[in-house]
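So the sequences go chain by chain: A and B. Take the first sequence: its letter number 157 is residue 162 in my numbering, and every next letter is one higher. Take the second sequence: its letter number 117 is residue 1560 in my numbering, and every next letter is one higher.
These are computed hints drawn from the structure, not numbers from a lab. Hints are not guaranteed to be accurate.
[Stated by the list, open to error] In the SDA-like style, the derived pairs of lysine to any residue whose C-alpha atoms are separated by at most 25 Å in a straight line are:
| # | chain 1 | residue 1 | chain 2 | residue 2 |
| --- | --- | --- | --- | --- |
| 1 | A | 139 | B | 1603 |
| 2 | A | 177 | B | 1603 |
| 3 | A | 177 | B | 1517 |
| 4 | B | 1582 | A | 142 |
| 5 | A | 177 | B | 1523 |
| 6 | A | 177 | B | 1478 |
| 7 | A | 177 | B | 1477 |
| 8 | A | 177 | B | 1520 |
| 9 | A | 139 | B | 1606 |
| 10 | A | 177 | B | 1505 |
| 11 | A | 139 | B | 1564 |
| 12 | B | 1628 | A | 146 |
| 13 | A | 78 | B | 1606 |
| 14 | A | 219 | B | 1477 |
| 15 | A | 177 | B | 1565 |
| 16 | A | 177 | B | 1628 |
| 17 | A | 78 | B | 1568 |
| 18 | A | 78 | B | 1519 |
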Amino acid sequence: MIDKTVASVEAAVADVFDGATVMIGGFGTAGMPSELIDALIARGARELTIVNNNAGNGDTGLAALLNARRVRKIFCSFPRQADSHVFDALYRAGEIELELVPQGNLAVRIQAAGAGLGAVFTPTGYGTLLAEGKETRTIDGRNYVLEYPISADFALIKAERGDRWGNLVYRKTARNFGPIMAAAARCTIAQVREIVPLGALDPEVIVTPGIFVKHVVQVATPLHAAA
Amino acid sequence: MKRLTRDQMAARVARDIPEGAYVNLGIGLPTMVANHLPRDRDIFLQSENGLLGMGPAPPPGQEDPDLINAGKQPVTLLTGGAYFHHGDSFAMMRGGHLDICVLGAFQVSVTGDLANWHTGEPDAIPAVGGAMDLAIGAKRVCVMMEHQTRSGESKIVARCTYPLTGIACVHRIYTDLAVLDVTRKGLMVVEIVDGLTFDELREISGAPLHSAAATVTA
């Protein structure tokens, strides 16, 4: 019997190693798997490369991981926010490397990794600083930039419900990067508010099929949950 | 001369958004356009973090941390709205499925180049978000901005000095002084605020302007 559920967030992230590339779901705090991140901090893995749309909010979740000095490099589209003080200080001190990627290119590069593509030609960013030095091509009169996939050793994501085969459904805009990161990482770990029996998720509405998910762990009352 | 207030600018932009349009409103000033869309028009607001059919802010106490807009503010979903992941969301942009986007800007050039993501200053922390995807993806790209900076420099320029967001991508510019179209012949002034002449507008703009029988707006 296949059972991808694990008993604790600590057990779920136990294999994350030093120097790993880790995708972290979430747009701001919506969809951020804060409890998995806390477990990752406790696990102690260092020199991580992180992929996230932002670079942490306030002092919890991703910001706490940055503050613990565990991150060597971050890929993101929108690091600077009103509450990104942890990242801002590290960046200004030269203690973290930033690869700034337009949001849609971040998404499509993650998708390319999950779909097994060698690269994609995207029109976004053509002629700008963020495409400097990159290969370009004109196709049917439109200009494109060649962008390579972003894959990862691990993805930590947050979903609403999951089952023991790893099927997932999400909640509202907390879905954001979850489904595409799940497909792009070699080991995807999902924290869910509720683990349900096989068959309880309507197959017509499953968003992430279990093939993309390795571990499912229940966090019944996560940080930033709806009242 | 009467400069338009931010609300008046938002109302002016809203007037041009037809029923049935799929629209993305950028972070900041463009967000205010939503408050001026007529309720009797079905207009589909997209937010790039993953929803179509975005509704207004919820009443105090009913915010849901899982239901936010691209500016990370709490919003609601209209009946008939939908959620989707980032891959789909940016396919909507890049794939040309959005009819209109409205973006803020630091500068727009006579040829419709847009600069709105980075001042290029050495100590600035760059952040781009979805701006570059919107700029090249939406069928019609509108910019909404003050005509001049606080120190009085024109934000309409012959050539952008800030790092570009997109090349030749802007169709129309709404400012607190005028409405201008980017055309092959250059910038065409469509409307000017009450009490400002075309010559006066040309004087304070940093690029050549042409008059398209400019009429006065309220």
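Verification of the supplied hints:
no.	hint	in the structure
1	A:139 with B:1603	22 Å, holds
2	A:177 with B:1603	39 Å, violated
3	A:177 with B:1517	12 Å, holds
4	B:1582 with A:142	21 Å, holds
5	A:177 with B:1523	13 Å, holds
6	A:177 with B:1478	23 Å, holds
7	A:177 with B:1477	20 Å, holds
8	A:177 with B:1520	9 Å, holds
9	A:139 with B:1606	17 Å, holds
10	A:177 with B:1505	15 Å, holds
11	A:139 with B:1564	23 Å, holds
12	B:1628 with A:146	21 Å, holds
13	A:78 with B:1606	24 Å, holds
14	A:219 with B:1477	42 Å, violated
15	A:177 with B:1565	38 Å, violated
16	A:177 with B:1628	46 Å, violated
17	A:78 with B:1568	15 Å, holds
18	A:78 with B:1519	35 Å, violated
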